[in-house]
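Number of protein chains: 2
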Amino acid sequence: MLVQKYRDMLSEKSVIRQLSEFATARGQEIGYENVFDYSLGNPSVPVPRELTEAILHYASEDTQFVHGYSPSLGIPSVREAIAASLERRFGLPYRKEHIFMASGAAGALAHAFRLVTQPGDEILTFAPFFPEYHPYVDLTGAALKVVPPDTEQFQINMERLGEMLGPKVMAVLVNTPNNPSGVVYSAETLRELSELLRERSARYGHDIYLISDEPYREIVFDGVQAPCVSAFYDNTITCYSFSKSLSLPGERIGYLAVNPNCQDAEVMVNMCGQISRGIGHNCPPSLFQLAVGRLADLTADLSVYETNRNILYEELTKLGFSCVKPGGTFYIFPKALEEDAKEFCRKALKYDLILVPGDTFGAPGYFRMAYCIDTEKVERSLKALRRFVKEEYGKVG
Amino acid sequence: MLVQKYRDMLSEKSVIRQLSEFATARGQEIGYENVFDYSLGNPSVPVPRELTEAILHYASEDTQFVHGYSPSLGIPSVREAIAASLERRFGLPYRKEHIFMASGAAGALAHAFRLVTQPGDEILTFAPFFPEYHPYVDLTGAALKVVPPDTEQFQINMERLGEMLGPKVMAVLVNTPNNPSGVVYSAETLRELSELLRERSARYGHDIYLISDEPYREIVFDGVQAPCVSAFYDNTITCYSFSKSLSLPGERIGYLAVNPNCQDAEVMVNMCGQISRGIGHNCPPSLFQLAVGRLADLTADLSVYETNRNILYEELTKLGFSCVKPGGTFYIFPKALEEDAKEFCRKALKYDLILVPGDTFGAPGYFRMAYCIDTEKVERSLKALRRFVKEEYGKVG
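In the order they appear, the protein sequences are chains A and B.
For the first sequence, position 272 matches number 275 in our numbering, and the numbering has no gaps at all.
For the second sequence, position 358 matches number 361 in our numbering, and the numbering has no gaps at all.
In case anyone wonders, no lab produced these hints; they're calculated from the structure.
There is no bait here: all hints are sound.
Any copy will do: because identical chains look the same in the list, a pair fits if it lies in one copy or spans two.
Computed cross-link-like contacts, DSS-like style, restricted to lysine-lysine with a CA-CA straight-line distance of at most 30 Å:
(1) K148 to K8
(2) K16 to K99
(3) K393 to K380
(4) K338 to K148
(5) K8 to K171
(6) K338 to K328
(7) K338 to K321
(8) K8 to K99
(9) K328 to K350
(10) K345 to K380
(11) K321 to K380
Bound-form chain A, shown alone (with noise of 0.2 Å):
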């Protein structure tokens, strides 16, 4: 009999993926480049010169060697030069034996899961946050509760996840910079949670391990470096993706990497061999990791991300609207002109503006703007914005 759980999933329809096809059909009646398609995060710059003659070289080497099986954790060469390009980085002293090669950072964070997660075991996250956790977590049998959002500053809500912390927590999972809201978590906010992290390690008797996520790392702005997450917490298992630094979210490359401090490093990068064997995973592709092991401190020109977010952060304060200016990633989550920013979302479209309610992201009363297009693009929809604002809300900027 087929799995009724999975088959059950069916019917649930991801607003996410509705807009983003809603935005196809307008395309094919107004020109796609007349839609100011703003609900998917999909990188629009293309890959580095150096990446595709990396592919081009490797490609037309030895077939046998490049196409060859890779060792389940990865290939050595490969995971030491992402150990020295962290240590160089980021001070910590991270050596191969590390570093986890994984299929992007959906990969890596379904090992980590495993790692410390049984069913029945908890994992705390913040909202706003990428609504795949849900799944990611849950149908690994443990659970995934969400803290309520820090309206603020889209920081922590430090009163509300003390609450929540009880002694059926194994794990914290964090994305920053963070999608949805652009927000960096600011030292502050990781030395508070990482205090509180080895207070109730302390007080359960049981390690609780920070789990953080960071595809955007690369992706950030007014050139400063955001907070290692790593630095400020041992037990931390970081899930990266070269997805967005290097624009082949297609290719599934990416690691996982245990805190050098944290007691079990060694061990839990070992334990990621066995967990593959349970979820079909066998290592990410040969050629893109030998690839990226060529280029591990190198990222593709993300300059225009931070072009679009000047633009839109203008338009959007100027508008009257409430909006923490991003820090990175190329989102931003303003507050909707309305309580119920599906309304809102829903009568931008007739603006052909493609907005995501925050709804999906945890944070009701708040929309994404997922601003990897072209600058010309975005340029372009603010006079649609402008109109849109005027004539339902009656606001002139």
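Since the structure of chain A is already known, use the hints to place chain B on it.
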């Protein structure tokens, strides 16, 4: 706390891996060309030139498209090309809707098991079998039960199957051409199996699915095609990998195909997209999807495997080994010359012959040779083989 079951698995040492490590170490002493390493099932032929060309072509193209997100079921044009190839070759009306792109056969199997079993259910397979099936199935919470071998022909022991096929069995897992025996299941075997499955499905009042793991489908000898498992039984889920046919096991590219005559075929493929969310799958690498989609009928030059089979089969039978002639794969599975195959393989190491005891595959008393190595080395190994047999067992061919 770290999850103990994965930690415990670290102490189980894989026999194949230990032997392979021994071969590498011995190679450092005497030169790897002098170690007759029959331990690992790694393809030994280069990828076809057309595949390299396809990779170079796509990697040079519009990189945002090529490296972009794939839909969770796979790239539609690729699914279409694979369906058309299957229809052309096997005569079943496959369409895009029956194909789910997966990261190798391991990825496909991870979805298949979760489609049709829940914790507590049983999956049956047949000795000799690929030992990874145990963690693949057991870590889902279902239980893998192994039907003892038909040591006459390494087809299916139907009597024992009949006894073991109780109401808790939700799926039967076959692997033909078979690792480790090299045997191809006959049409008669598949007919008999299918009849039994239909009879028991009716008796127990629930569907029993046939999961067919077919990474060696294209490696068949003597000009015959392996019978198409799916053609015998509507409720068949085929798990395929391009690893062996195109010699790219590290790139993790394969698919799951549901028999078009299976009542729920399209729903099942859609359900796979939901299963992916729980195991961090998120589609195989886009570049390799595109490349295999363009070359769905192509294989590497696999003829070396048949050449090696011929040399080894002739020599082994000449030396008095009892051995079923492989119809495909790159494995042969003779009876050891003493009851304890582990002892037999241990002795072989003195002659730098790396053989794997059948205990690993659920068939004690036999041993596996993976002859995916150069023919020149196979030929040189015969002298060592003869010396081994003569000195240890007093046999002369």
